[in-house]
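Engineer: With the hints as a guide, bring both chains together as one complex.
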Amino acid sequence: MSDDTIQITVDGTPLTAKRGQMLIEVTDAAGIDVPRFCYHKKLSVAANCRMCLVEVEKAPKPLPACATPVMPDMVVRTASKLAREAQKGTMEFLLINHPLDCPICDQGGECELQDVAMGYGSSASQYTEGKRVVFDKYIGPLIATEMTRCIHCTRCVRFGEEIAGIRELGATGRGENVRIGTYIAKSVVSEVSGNVIDICPVGALTARPSRYTARAWELSQQPAVSPHDCVGSNVFVHMDGSTVNRVIPRENESINEVWIADRDRFSYQGLKSSDRLQVPLVRIDGKLQPADWSTALSMAADKLQDRDLGVLVAPSVTLEELYLSQKLGRALGSNNIDHRLGQSDFSAQDSAPPMPWLGMQLNDLESLDAALLIGSNIRKDQPIAALRLRKSALKGGAISFINPRHFPLHFEAAELIASRHDRMVSELYCVARAAGADLSAMGDIPGTEGDERHQRVAQSLKAGERAAVLLGNLAVQHPRYAQLHYLANALARVTGATLGMLPERGNTAGAWLAGALPHRAPGGKAAPAGEAGLTAAQMIASPLKSYLLVGAELEFDAANPAQAMDALAAAGSVVAISSYLCDSLSRHADVILPAATFTETFGTYVNATGHWQSSRGMTNPPGDARPAWKIFRVLAEQLQLEGFAYDSPEAITRELQALCRDVQLGNLTEFSTAPAYSEPREEAMLRAGETPIYATDPIVRRAPALQKSLDGAQAFASMAGAELHKLSLAEGDSVSVKQNGAEVRLPVKLNDDIPEGCVWIPAGLPETASLGELFGVIEVSRA
Amino acid sequence: MNSVPADVRLPRPETVLSAHSIEEIEEWMSRFPDDQKQSAVLAALSIAQHQNQGWLSTELMDAVAAKLQMPPIAVYEVASFYSMFETRPVGRHCVAICTNISCMLMGSDTIVEHVQNKYGIRLGESTDDGRIYLKVEEECLAACCGGPMMQVDHVYHTRLTPAKVDEILDSLD
Chain C
1 MSDDTIQITV DGTPLTAKRG QMLIEVTDAA GIDVPRFCYH KKLSVAANCR
51 MCLVEVEKAP KPLPACATPV MPDMVVRTAS KLAREAQKGT MEFLLINHPL
101 DCPICDQGGE CELQDVAMGY GSSASQYTEG KRVVFDKYIG PLIATEMTRC
151 IHCTRCVRFG EEIAGIRELG ATGRGENVRI GTYIAKSVVS EVSGNVIDIC
201 PVGALTARPS RYTARAWELS QQPAVSPHDC VGSNVFVHMD GSTVNRVIPR
251 ENESINEVWI ADRDRFSYQG LKSSDRLQVP LVRIDGKLQP ADWSTALSMA
301 ADKLQDRDLG VLVAPSVTLE ELYLSQKLGR ALGSNNIDHR LGQSDFSAQD
351 SAPPMPWLGM QLNDLESLDA ALLIGSNIRK DQPIAALRLR KSALKGGAIS
401 FINPRHFPLH FEAAELIASR HDRMVSELYC VARAAGADLS AMGDIPGTEG
451 DERHQRVAQS LKAGERAAVL LGNLAVQHPR YAQLHYLANA LARVTGATLG
501 MLPERGNTAG AWLAGALPHR APGGKAAPAG EAGLTAAQMI ASPLKSYLLV
551 GAELEFDAAN PAQAMDALAA AGSVVAISSY LCDSLSRHAD VILPAATFTE
601 TFGTYVNATG HWQSSRGMTN PPGDARPAWK IFRVLAEQLQ LEGFAYDSPE
651 AITRELQALC RDVQLGNLTE FSTAPAYSEP REEAMLRAGE TPIYATDPIV
701 RRAPALQKSL DGAQAFASMA GAELHKLSLA EGDSVSVKQN GAEVRLPVKL
751 NDDIPEGCVW IPAGLPETAS LGELFGVIEV SRA
Chain X
1 MNSVPADVRL PRPETVLSAH SIEEIEEWMS RFPDDQKQSA VLAALSIAQH
51 QNQGWLSTEL MDAVAAKLQM PPIAVYEVAS FYSMFETRPV GRHCVAICTN
101 ISCMLMGSDT IVEHVQNKYG IRLGESTDDG RIYLKVEEEC LAACCGGPMM
151 QVDHVYHTRL TPAKVDEILD SLD
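Protein chains in written order, with the working numbering: chain C, 1 to 783; chain X, 1 to 173.
Just so you know, these hints were derived from the structure itself, not from any lab. Virtual Cβ for every residue (Gly too), placed ideally from N, Cα, C. Treat the hints with caution; some may be incorrect.
Dumping the calculated EDC-like pairs for lysine to aspartate or glutamate here, alpha-carbon to alpha-carbon at most 20 angstroms [stated by the list, open to error]:
#	chain 1	residue 1	chain 2	residue 2
1	X	K118	X	D129
2	C	K525	C	D350
3	C	K395	X	D35
4	X	K37	X	E23
5	C	K137	X	E59
6	C	K131	C	E146
7	X	K37	C	E412
8	C	K41	C	E465
9	C	K391	C	E253
10	C	K395	C	E465
11	C	K462	C	D364
12	C	K186	X	E59
Restraint ranges, calculated between C-beta atoms of paired labels, are given here [to be verified]:
#	chain 1	residue 1	chain 2	residue 2	range
13	C	R132	X	L123	17 to 23 angstroms
14	C	E251	X	P33	35 to 41 angstroms
15	C	C102	X	G107	45 to 51 angstroms
Next up, chain X with everything else stripped away, as it sits in the complex (with noise of 0.2 angstroms):
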């Protein structure tokens, strides 16, 4: 793996990372041996997304990359691959709603019809208050034997029903 292209100026992390981010990402760094700093990357990316409501600027992944020293199209390819990582503004809340085959096969069509007409939002997409993100789940969330189901937040919620999910879902902030 190279270093940083010395051309290329990233900022400094801690004018972009909170203090206790980069305490928590040197955390992760000190499990891994010096020369392979960049082990952390899928941590450091977590850290800096939550500091960041849900979601990576380019400059939070730029101070990443300088941090672990990576070159930062390393860190883009990393955060751009994984369906964790949001590299755009998104609502607060991270609905993501299993489509995969249990699921699907329980109903999870009706219940993501019936959230997308009660917020005017497709998968993919945020509420304009910023409220809600209904995220594209792209893997099975393993929770069959619970299906339909969601995650919301950091949080599952099984064998939903259109009257369950409203109630999940307005009683957030």
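So here's chain C without its partners, still in its complex pose (with noise of 0.2 angstroms):
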């Protein structure tokens, strides 16, 4: 037994505790149930709300349990007539101002406070004054409000200090006024905002999009996966009946803690979109017409007997649909098949490690000495990520980022090095210089000196014992990407430091586990035929005779969509496998063949660490959709494919695994050839951008309540005020923006966070899709 292991005695049992533990962490744990309200096991103690008062031997009066520390050989009574009568006492304190009007709240049904009031209060009140009443302001389109309800455990407002980062609600007021909320009328800002109705023990705080529209005993519940990010975080899907009511945490240590992004909570409303695809649609005398699955089936068949053949398949779906996209390519002749949508820069793809990954445990992500992260915007990317990674820099960890634009963050960072993306491969050039790395083979690059930053932050990566270079969904998107992998591999290299990925969506890694790629097969190998296909890029730039598209909706995905569009417009045919009817494939698409997406169909989801996770379907897709797995195995019958006639979608999950047994995870590698250095851009004005939180996959962009939310609404060509001056621009002025001849107008926003020389222009938004690449040259005038 070591020195801090102790012996309590509660309710007569004996426990064992450590030093240092709250007794309610002891009694949780031991199953002893002691009633609750504002302690909870991820926030700090407040203990404010006094229901967990217990009687302790030799203390004079009873003790909050979540808030006495365990001493040796204590004795605690939790359900004494000492005890009984202090929770009953608050119990009936905390009802005074209480409504009773459980029969309309969301909470009725899975609230706290009404179990507890059931175990613990009386059925009539002493008090009979009036009661408080408190008006409700709007706090956004995702949480809403009935303050008269809440019980000030102050949960939601250490939610926001401590996990969020980012404090918005408060309690203000005193004494019997005392309210919380955010003062003022504002929407809350934060990517993980939803979490507070889970933690609120009241209904003061509950969702919105799904308020009023079920009671709880009446849902069913079933675990699922979130197929929005590489954290894959863990979650249960709602439903009443055969629909989707709403989506909440499940609880997942080593992904997702107890917490999920407003974008896994609410992007389940996109299902229900009115342009989901319910029947089969064919093109005929040049207008999309509905058809049964038979004539649309001989007809994509026909139209994919092409060698000629593209496959573009969307990063968002499932293992399954990935795996098969390629096994149809490859056994149509064609290696042409991508995932990269997004990705613009392919020349050092050869080197690219089989998957990649984080190169790390999640949690490892809250004990890092030191973290350099080249192009992310890990907040609003992989926002459970960043909540980890907060917890590094919150312990004295020195995170630093080389951006094209500062970002907003929920801590405070060592080093923010932000400058005009096509600066971003000298910064990093500069740091991993400063590091000692052997950069000869790129050559020596005068004024690559850098400063005391750049110092710093080498400085730091080579002092950490557990330190990070971290590549980001912006670094995979940037023009220079060979450069700033080359660069980031060698800068790990002499520092020590762990090489890590953050996949870009939701199944990434899994895309490149299934090989749906030009260059490799599944399970890493090299691609078959011994020849590389064409790139996404490539298959854009110069259009293919037919192409398939799995789930793209390349106005959105491509990382240059008016090319995207001009290539499908040239196409012999276009065949699609999608959830949704989007403008590329109403304009552009042959054939199109409706399939089932999250909830409604098996699949399995690959996330950052390389773990597989599958959840099942649990809804039916609507009208005449089907799973894409099922549309494949047809689609190969007619095209006298064989290999496709699974009897399951496990059947396919288990052949992949048995391809991926040998795959070694590991990030640094050898580069065969380094990539040339280029220098920066002369032009004057840049454009650069984002794919934004909601707008990343097909499903997100579709639901409603976070499109409402302020990191919906993204569409504005953002600038410094500098640079506003140089074109007598004001906030709020329309600019016209010209790219490769497409030209769109957007209202300015002023932000001194973007550099000069350059117009922030975010991509996948419906109002900047005709637009061209995402990091290239722009014209911008005014409107």
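Structural biologist: This is the structure in structure tokens:
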């Protein structure tokens, strides 16, 4: 028995505890029920609700179990007369101002206050005076407030301060007039704000999108995996009959702890979008028309006969769909298969590891001494991973960034190196050089001595025992990705830091394993037939005769949407397997086969740590839509291809699992040749951007509540004040932006986070879908 | 304590606070360690309120938040907690009649009644001409030996009678 283990007695049962633990942690672990409201295992101890009062021998009065450290030989009674009286008294006070509106409250049936009141409350109150009323303020489209119900446990306030890192809710006023809120009417901005709905023990904070739509006891629950980012957060899907009513977190300490991002929580609304495909569509005389499955499938098979075929598959579809996409393409004799729709530089693809991965477990992100994130808006791209990284920063870890702009963070970064995107390579070069990396293969580049910032980053990575160099979404989408990858690799090698990648989308890692790539077969092996196919960018730059699009919406997903539209227009035939009818399909597709999506079909997702997680189909796809694996099976039959006669989707998973048995994860690589360094560009004005958090995949793009939130409305041309001054523009003006002949009008936003010489215009939005490359030349003028 | 959420746009302090206010706030800030600027929040709010006819607008509180690098909500919490801060416009003379136990025993109810009738407003309200604000005094003002008493702006007046109150209030501009 080690020194910090002690013995206590609770309700007559001897228990072992660790010194310094709070009593409630010990009773929770032992399954002894102590009522509580303000205590939450992931939050600091507030001890303000007083519900967990228990009797401790030798203490003169009841003590709160959440704030009482265990002591050797402590004797505790949680249900003695004294404890019960204290709990009952607290309960009566808590109910004084609480309205009796349980019959119309969304929390009814799953309410901690209701449950505890049943156990510890009285049937009548001695309180006869008037109850207080709190008028609500609008705090955004995601969270509904009914603050009269609030019991001031302050869990939501502590969540904002301690977990989300943005203090937006607070306790204003005093005494009887205390209220929890934002004080001023404003939308909360945190990308993980929805978690306050779960931790609120009463019905004060509830989910606005599902408000008044179901009673908790009428819902059935199924486990699932969120498909929206590379964390693979575990969720429960709650269904009202056969429709998804809401999504809540499923605790998994090694992945998402007890939290999920708002994107994971509210995206389900997109499942019911009005542009869901319910029947197959075929183009006859230039017009898309509904057709039956056999007509559509035989037409699709006809169109796909050509060897000059390109398969573009979205990195957000299931592992099985990714695998079948490439299997079909390769069975038809084409290696032109790619899921890297948003990438533009593929020159180092042969040096890439079998699968981009984090290089560590998710919880390792919590205890880094130093990290450099290159091209990453991790807070919005992988919100749950960012919460872990934030913990490192709070513990004193030096977290630095090299980015094409400043991004608002929820922690204090050590160094923020933000420059125009064409300078990111030289910024990273400076850091690698300061760290002592041998970069001679890339050439000795003048003007890359760097300054103290680069020195400090290099130093922190070398000094840190647990250090990481992480490549984010914007690095992968960068036009000089090969150089960034090479330099990051060299930097990690010389500093001993772990090289990690944050896979861009929900199933990017899975797509690599599945072989949805022109140069790699499943399991990371070289592409068959010895010859790599065309990359996504090549397939788009010079149009092929036919395309198979799987879940891809090229106007939103492609690195160069304008070019992608031209390619589809020029193609002889376009066949799509899709859940939604998007603009590019309605204009260019010849056959559209309606597919089931998240919650409607079995599917596996591979997260950033290489973890395979499957969720089952739990609802029926709308109309005649079918699971994509079945569509592939019948399509292959029509094309007389062998090896597609699966009797279940699990059989596909097993087949791929066998192919991936020998995959060794590891990010550090040897580059066969160093990519040539390229000088910063000379153009006065460049476009930069990202795919905003609520534009990353087809489901999210159609989730109305997320779109209405602050992170949803992102169609702006944002520029620094100095840039606006140069162009004599002011915030709110309208500008015309021109890229390769396409012109779009956008409202101007002032944002000094954007470097000069640069206009920030996001991709993935209807307003910007006709523009060209994300990181490219652009003309900006007053509209 | 967290710093200001980066996505919240706050006004630059100098666009809202006067040069004099900023100078005074900085003097207070200099009394505390650099990483504990928020210690100056009570003083800063008093200074800000003083520059603005006795009340704190959201804009002023945001400017204080920016100056002290605090989340705005943390400043709203402080300003709404303490009764010496007003968060809505009030009359320019602050009249606070003590109603705590000693003054109550000495007849403060009569004084309150008299003043309310005199101006036709209730405690917590201001006159339409913006001259008088009848503050709800929540605590004992520590002049029990002179009750009933009131504080007008920053001056104590003790042993009040209705006539004496009239004289004091009528002499205000």
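Engineer: Could you run down the list of hints and mark each one as holding or not?
Structural biologist: A quick look at each hint next to the structure:
Simply put, X:K118 and X:D129 have alpha-carbon atoms about 14 angstroms apart, close enough for the 20 angstroms limit, and the pair holds. Distance restraint check for C:K525 and C:D350: the Cα-Cα separation of roughly 11 angstroms lies within the 20 angstroms cut-off, and the hinted pair is therefore satisfied. Taken as a hint, the C:K395 and X:D35 pair is honoured in the structure, with Cα atoms around 16 angstroms apart against an allowance of 20 angstroms. For the hint pairing X:K37 with X:E23, the CA-to-CA distance comes to about 15 angstroms; that is within 20 angstroms, so the pair holds.
Of the pairs offered as hints, the one joining C:K137 and X:E59 holds, with about 18 angstroms between alpha carbons and a cut-off of 20 angstroms not exceeded. Simply put, C:K131 and C:E146 have alpha-carbon atoms about 15 angstroms apart, close enough for the 20 angstroms limit, and the pair holds. For the suggested pair X:K37 and C:E412, the alpha carbons sit about 16 angstroms apart, so the restraint of at most 20 angstroms is met. For the given pair, C:K41 sits about 29 angstroms from C:E465 by alpha-carbon distance, which is inconsistent with the 20 angstroms threshold.
For the given pair, C:K391 sits about 15 angstroms from C:E253 by alpha-carbon distance, which is consistent with the 20 angstroms threshold. For the given pair, C:K395 sits about 14 angstroms from C:E465 by alpha-carbon distance, which is consistent with the 20 angstroms threshold. Pair hint C:K462 plus C:D364 holds up; C-alpha atoms about 18 angstroms apart against a cutoff of 20 angstroms. Among the hinted pairs, C:K186 with X:E59 is consistent with the structure: their alpha-carbon atoms are about 14 angstroms apart, no more than 20 angstroms.
Checked against the hint of 17 to 23 angstroms, the pair C:R132 and X:L123 passes, with Cβ atoms roughly 19 angstroms apart. Distance hint check for C:E251 and X:P33: the Cβ-Cβ separation is about 40 angstroms, which falls inside the suggested range of 35 to 41 angstroms. At about 47 angstroms, the beta-carbon gap between C:C102 and X:G107 stays in the expected band of 45 to 51 angstroms.
In terms of the numbered hints stated before, the structure departs from hint 8 and from no other.
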